[in-house]
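Residues per chain, in single letters:
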Amino acid sequence: MAEWLSDPWQYEFMQRALWAGLLVSIAGAVVGAFVVVKGLAFMSDAVAHSSLAGAAVAFVTGGGSLAINIGAVIAAVMTAVSVSTLSRTARLREDTAIGLLFAAFFGFAILLISRSRSFALDLNSFIVGNILGVTTEDLWLMGALTVIVLALTLFFYRELLFTSYDPVMAAASGVPVTLVHMGLLTLVALAAVIAFRLVGVVLVMAMLVAPAATAGLLVRRMPMIMLIGTGVGVLSTVVGLYSSFYFDVAAGPAIVMTAIVAFVLAYLLSGRGLAIPRRLATAVSG
Amino acid sequence: MDTPAVEVTGLTTGYRNHLAIEDITFTAASGRLVGVLGPNGSGKSTILKSLIGLLPPWYGTVRVFGQPPGRARNRMGYVPQAEEVDWDFPVSVRDVVAMGLYERKLGLDRFRRVKEAPIIHALERMGAAQLANRQVGELSGGQQRRVLLARALVRDPDLVLLDEPAAGLDATAEAELLRLLRTMADEGKCVMVATHDIQGVYDTFDDAVLVNRHLVSTGPVRASLTDHSLHQAFGRQLITLQGIDHHEHHVEQSHEVRGGQEHERTR
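Sequences listed follow chains W and V, in order.
Just so you know, this note's numbering puts 159 at position 159 of the first sequence, and the rest follows in order with no gaps.
Just so you know, this note's numbering puts 94 at position 94 of the second sequence, and the rest follows in order with no gaps.
For the record, the hints were derived by calculation from the structure and aren't laboratory data.
By construction, the Cβ of each residue, glycine as well, lies at the ideal position given by its N, Cα and C atoms.
There's no promise every hint is true.
Derived list of chain V stretches under chain W, where covered just means 3 residues or more per stretch with a C-beta under 8 Å from a C-beta of chain W [as the list claims (entries may be wrong)]: (1) 51-60; (2) 201-209.
Calculated from the model, a selection of chain W residues having no Cβ within reach of chain V, i.e. all distances over 10 Å [what the hints assert, rightly or not]: (3) Leu5; (4) Met14; (5) Leu92; (6) Asp95; (7) Ala151; (8) Ser164; (9) Ser173; (10) Leu227.
Using the sequences and the accompanying hints, generate a full structural model.
Right, dumping it as structure tokens:
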């Protein structure tokens, strides 16, 4: 049994995968807590998909791993800022703006990739992630981005919390709410770029939403949601990596499915699964 | 004479391209309980939002203690309508009240712990000290209102603005709230309350600002709230509220309709 447990970690690629999972779990839960309470899931998804455009541009112009990641960050931040700007100036609903930019960036990325035969091989790892192929260089980059996310969140925590909770009152108190909102979307973009190496652009949303939503069922304070969410993320990574190692399934989806199972368990354990029929009964009886 | 707490001159403003209020002029003094009265959609909330600095004037000026609203922020407390607040948000009562102490600063002193004393004091004043560690989502409607009030009062403001504070409160809670507002006015604060409920206005408020997109009248309640001015502001809605002469209003109403039809035809 002990061997069964320790075997996978003899391989360096598994160790790197675990480190990557830890970083994704931290950034995912910290930013994810805001994504969940503010309803930014669709936004996160769009940002993750758009990041592919920047990665593709970097790749086509001959950039290496670092350039590809920086390209992804730039495209993701551009999407986040454009959504915020477009929804305010063109008087569009935010989710319409997200839909448009999502399509524009992702379409552009696929267009570029379709021109380049060699990138097609890498496309797969972008779409579904390639956690077992994470290099040390990738890890350093993910680590740096995670530190940036944590530092920004910690420094502007009060503004982020106030703006998320009550934007009207926050504005009245002198919080630059538009700037803070754009900043939050930028954090989402950074977290998405950190996460897409792990699970791929398609499933990034899962790492931002599932652990924080799970934590949100169990605890009712933002810092606790971030902490428990990180734990859920790490647990999902470990279970997902074991599954991948022993059952020969793709690691990214295995991690995501574990996180979803954690959510379902939390839902049942928190008593909300039972509370809903009860609440309905009270509502009916008046 | 002292600078009035609030001085609004020729204020015209709205949301994006939509005009909400036009040419509003009034003053409000410290130590007075002022009702901002009018039917739904008459621009009461817009006036309060202009005072707190959320809506810049298109025309006219707003002065709070002689300054533009942005500079008088620390002297104002604002209680938004309860439905404008996200009660499912995972924050505690203490967190919410602490938001009332927000100050814009970018130095490292932002990491200093928030002072407890004013938070507890504000909650005590609302009779809600025992709620400090509760989640806002667990509170009843009346308790939620008290928390919003505590947040508005935590900095001990000189001007307190409340938007429909009695909505959803039962009679006891409403009476308690009015008593509290009276006490604050007697302490020398200027307390402004936006409400569409004009029952008991003569006993509740000292002064009134009666609006229906335009200013209808303003001044001490007995002088400014006459049958005529109330009728002008509330029109048809007033009938259900006060039971003013049905017949007279009916005639006027049908007159308007006929006029409107003629207008349509000539176009």
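Checked hints:
Using a Cβ-Cβ cut-off of 8 Å, 3 residues of the segment 51-60 of chain V lie near chain W, which meets the minimum of three, so the contact claim holds. Remark: the segment 201-209 of chain V is not confirmed as covered by chain W, as 0 of its residues place a Cβ nearer than 8 Å to a Cβ of that chain, below the required three. Non-interface status of leucine 5 of chain W relative to chain V is upheld: no Cβ of that chain comes within 10 Å, the nearest being about 35 Å off. Every C-beta of chain V lies more than 10 Å from that of methionine 14 of chain W, the closest at about 35 Å, which supports listing it as non-interface.
Interface exclusion of leucine 92 of chain W from chain V stands, the closest Cβ pair being 13 Å apart, more than 10 Å. Every Cβ of chain V is farther than 10 Å from the Cβ of aspartate 95 of chain W; the closest lies at roughly 18 Å, confirming the non-interface assignment. Non-interface call for alanine 151 of chain W relative to chain V: holds, since the shortest CB-CB distance, roughly 12 Å, exceeds 10 Å. Look at serine 164 of chain W: its CB is around 7 Å from the nearest CB on chain V, not clear of 10 Å, so calling it non-interface is violated.
Here serine 173 of chain W does not stay apart from chain V, with its beta-carbon only about 5 Å from theirs, under the 10 Å limit. Chain V leaves leucine 227 of chain W outside its interface by the beta-carbon criterion, the shortest separation being 13 Å against a cut-off of 10 Å.
Checked against the numbered hints above, the structure breaks hints 2, 8, 9 and satisfies the rest.
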